[in-house]
Amino acid sequence: MTRQLVARLLHAIAVCAVVATSVFVLLQFAPGDPFATALDGADVPPSVRAEGRARYGFDLPPGERFARWTGALVRGELGYSASRHRAVADVVGDALPRTLLLVGVALVLGFAAGVGIALVQTRHHRRWQDRLFGVLTLGGVAMPEFLVALLAMTWLGARWRLFPVAGIGSLGDAAAWPVWERIVDLLWHLALPAGALALAVASRVARHQRAALLGVMREDYIRTARAKGLGEWNVIVRHALPNAIGPVIALLGLALPSLVGGAVLIERIFGWPGMGLTLFDALLARDYPLILAAVLLATLLAVVARTVTEAVAEFVVPRRAREP
Amino acid sequence: MIPHLSRQLALVLCIAAVTACRGTDASPTGGILVVSAGADAETLFPPLVAGSQGRVVTELLYDKLADVGPALNTFGDVGFVPKLARSWEWSRDSLTVTFHLDPRARWHDGQPVTARDVQYAFRVWTDSAVGAVQRAALATVDSVSVPDPRTARVHFRERTPEQFYAFTYTLIPLPAHLLASLPDTALRDAPQMRSPVGSGPFRFVSWTPRTRLELSANAAYFAGRPRVDGVVFLFAAQGATVAARLLAGEADFVEQLSPPDFAQLPQDGAVRAQPYGGFDYTFLLFNQYDARDAGRPHSIFVDRALRRALTAAIDRTTIVRSVFDSLARPAIGPFSRTQWTADTTLTGIAFDPSTATRMLDSLGWRDANHDGVRERDGRPLAFSVLVPASSRPRQAAAVLLQAQFKAVGVAMTIEQTDFNAFLDRARRGAFDAMVSGVRTSPSPRGVQDWWGTPGPDRGAQNWGRWSNAEFDAQLDSALAASRVEDARAHIRAAYQAAVNDAPAIWLYEPLFFAGMHRRLTVGALRPDAWWSGVADWSIDPAQRLPRDRRAPATP
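Top to bottom, those sequences are chains A and B. Counted from 1, the first sequence has number 135 at position 135 by the working numbering; the numbering is strictly sequential. Counted from 1, the second sequence has number 828 at position 504 by the working numbering; the numbering is strictly sequential.
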């Protein structure tokens, strides 16, 4: 177990190092400048942009910049965001929890809904319920997240006013509100962005889970369970699901990076100031330290998620758990 | 030279006094003004503010000494409105302006605004260690002296018609009693920059970057408490979200509605659009030099007659109609109609495809091989146009340009790139042509930056490196003229020279429409600063919303 953990840790470090180096190198080839858009006014002389580059070390050779950046990283420093006039650690410290909350809620919602839909489809295999959810989940997989988000914002937000159009909280001094009111307000604001993200997750999970369930429904132990007189729901939930959920949990680990990627658009549309929006703004502004930090964290998140989901899958699947 | 303008100051001051001091009908109405905005402020430290949202917030937090008036005049001091300075006077040689500060003016912490704050601000703005964005605008100012705490004397190095505008429009007095103890190099990261203490009609409450910024009414504001209780800015990067907040009733005001937003406006009149002049114009810029070899003239666009022929081939009215419907006008020249120097009587190059065809034929560009593209000496009449991917109107305009050029045998390809890369290539001159846009200022000096022959004192943004001696000379004369009438005449001649020489095809000027909730009452919106009158905006007490109860707390 310890050997496995150490191996995975080393693997994670290697992946992060490769990704960080690749992104740094790619950024050198990207046209643009950290002070191009922020200081593009006609009355801003080129000397001011040059001063900015010198102040933050962007005028140094790429090799020296990379050495300085990695040196600082080892010391636990992520650098300074010139576009936000703040330390990168502070920017990330604000944004990361919001993305984790958004993605986490979307993942839980999507997983629960997807598994639930798959159970219904399996129970009513080849009947109208199965076909209806089949069409809906196919639509959910096919429809781009940004389209879902824009439709939700326009209809559920702007037209019917059921949910806030954007933002992370209502006006006012939230710190003075009771805890329950703060939680309700947060969930109310989370509904549309998390719902838009969860729709795609639920659709994918449902399609994979349905296929996995139908696969195990032909197994002998399912026939035995039915022979014991158990009801069909009981058979599916208690006997089929535990044996069919492993691959879906592993799928979640793989889905997390794409979910974080999808969060870029969702956060932009719903004004959710998380890592996705931070990365998007940083890319437009060519804020190199912030881009590197955001990519590094996303990589770390993906590696950790994969490790955790693999461990959970091993723990959940009964046959694997029983293996020596 | 300048002092004769001050003879009109008494009249101006009377008008300004009426404007500045709110009457009995301007009592507070309460309510929270919620503004939906597309971009956040990058900083709240005035010298470092480069973007428009930063300007909005800092100018609500801080007062200037004086501000341009509704006429947007930038010559002399005619029409300028007193703010922190109650009055001012010129020396006989026009090299010194003495500002008398309003003794009632206070910083938000209760300390009086003094001449030392003006002197300190000038030092900060001109210290290269601070890196003030608009430091160059103060290049003609030599120093600021303090004869007494209520008097700031500004000494200029030279007389220019816009010296007063350059100083008052750029410099915002800073609270020396709070900041002077800090080294200048530490100012940009000082905690005070994230919770500023200003002198304006609104006080800082809180700021969650990229999310929300809250201000509350300054009850002790010397010119009268703002009518609303506070202003909250809600930020969203997506244009559709910015407008959706207004349509959903979550916001009261949006700075600019886009053409698609108009189709979404509710029929019940809950949201209305109010026009105000913008300072934007867009054009197809021809690069005078080769995109790959900056030292070699461009093989196509160096020819003035060809540029004129290309201009005659473009039906700008159709482009404007197709892209904006009625929400823009064809541009006339290198200016916006909102500028006081605008001239709508210039003789332009009319759309006439038959003339364009004849001109191209006469220049030797003919379609000899009948492939639909003209050639000369075996080289096709083809070029690429750079377009920023962030601007849908410019992309749409580029597609229409492509079709219209094709009709006269010119092959145009479109290159889209993100805005940062767009600016990078523009500054390196790595393009054939580009659909570019300018947001000008009230001052005609911006014309020199965009269209003057590139050099140390002009042409910094002249990415096409167009050069015209007559244009430069007329503009120099205009910017040195002591009389507004003379300046107008020279500027007209400069504009006409630019239009005749066709360094670009002047495409369109978008019309600006602010979107606002019907409960909001605003006066005229100043084209360069819609926020300048926010302290006088009011919210109908009969149309309060639940969100008004959650007022930003006054610290």
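Honestly, the hints are just simulated from the structure, not real lab data. Predicted, not measured: the structure shown is a model, and the values here were computed from it. Virtual Cβ for every residue (Gly too), placed ideally from N, Cα, C. Take the hints with a grain of salt, since some may be wrong.
Unchecked claim - Have a look at the derived ranges for each label pair, beta carbon to beta carbon: (1) B/PRO677 - A/VAL15: 56 to 66 angstroms; (2) A/PRO144 - B/THR737: 51 to 61 angstroms; (3) B/LEU506 - A/PHE29: 34 to 44 angstroms; (4) A/PHE29 - B/THR737: 50 to 60 angstroms; (5) B/LEU502 - A/GLU77: 27 to 37 angstroms; (6) B/ALA395 - A/PRO62: 48 to 58 angstroms; (7) A/GLU77 - B/THR737: 52 to 62 angstroms; (8) B/THR737 - A/ALA72: 42 to 52 angstroms.
As the list claims (entries may be wrong) - Simulated coverage check for chain B against chain A, where a stretch passes if three residues somewhere in it have a Cβ under 8 angstroms from a Cβ of chain A: (9) 422-430; (10) 553-566; (11) 672-685; (12) 738-747.
To be verified - Per the computed footprint, the stretches of chain A lying under chain B, defined by three or more beta-carbons under 8 angstroms from a beta-carbon of chain B, are: (13) 3-15; (14) 51-64; (15) 128-142; (16) 200-211.
Checked hints:
1. One distance hint, 56 to 66 angstroms for the beta-carbon pair B/PRO677 and A/VAL15, holds here, with the actual separation near 60 angstroms.
2. For A/PRO144 and B/THR737, the hinted distance range of 51 to 61 angstroms is not satisfied, since their beta carbons lie about 28 angstroms from each other.
3. Take B/LEU506 and A/PHE29: their Cβ atoms lie about 39 angstroms apart, and the range 34 to 44 angstroms holds.
4. Between A/PHE29 and B/THR737 the Cβ separation comes to about 23 angstroms, which falls outside the hinted range of 50 to 60 angstroms.
5. B/LEU502 and A/GLU77 have their C-beta atoms about 29 angstroms apart, which keeps the hinted 27 to 37 angstroms range intact.
6. Remark: the range hint 48 to 58 angstroms for B/ALA395 to A/PRO62 is upheld by a beta-carbon distance near 51 angstroms.
7. Range check, A/GLU77 to B/THR737: about 45 angstroms between beta-carbon atoms, so the 52 to 62 angstroms window is missed.
8. About 43 angstroms separates the C-beta atoms of B/THR737 and A/ALA72, a value consistent with the hinted range of 42 to 52 angstroms.
9. Under the rule that three or more residues need a Cβ within less than 8 angstroms of chain A, the assignment of the region 422-430 of chain B is violated, with 0 such residues.
10. Chain A is given as covering the region 553-566 of chain B, and this holds because 8 residues of the stretch bring a CB closer than 8 angstroms to a CB of that chain, at least three being needed.
11. As drawn, the region 672-685 of chain B meets chain A at 0 residues by the rule of a beta-carbon pair under 8 angstroms; below three, the given contact is violated.
12. As drawn, the region 738-747 of chain B meets chain A at 6 residues by the rule of a beta-carbon pair under 8 angstroms; at three or more, the given contact holds.
13. A stretch counts as covered by a chain when three or more of its residues have a beta carbon under 8 angstroms from one of that chain; for the region 3-15 of chain A and chain B the count is 0, and the coverage is violated.
14. Closer than 8 angstroms: that is the beta-carbon criterion, and the region 51-64 of chain A has 3 residues meeting it against chain B, so the requirement of 3 holds.
15. As drawn, the region 128-142 of chain A meets chain B at 0 residues by the rule of a beta-carbon pair under 8 angstroms; below three, the given contact is violated.
16. For the region 200-211 of chain A, the proposed coverage by chain B is not satisfied: 0 residues have a C-beta within less than 8 angstroms of a C-beta in that chain, short of the threshold of three.
Hint violations for this structure: numbers 2, 4, 7, 9, 11, 13, 15 and 16, all remaining hints satisfied.
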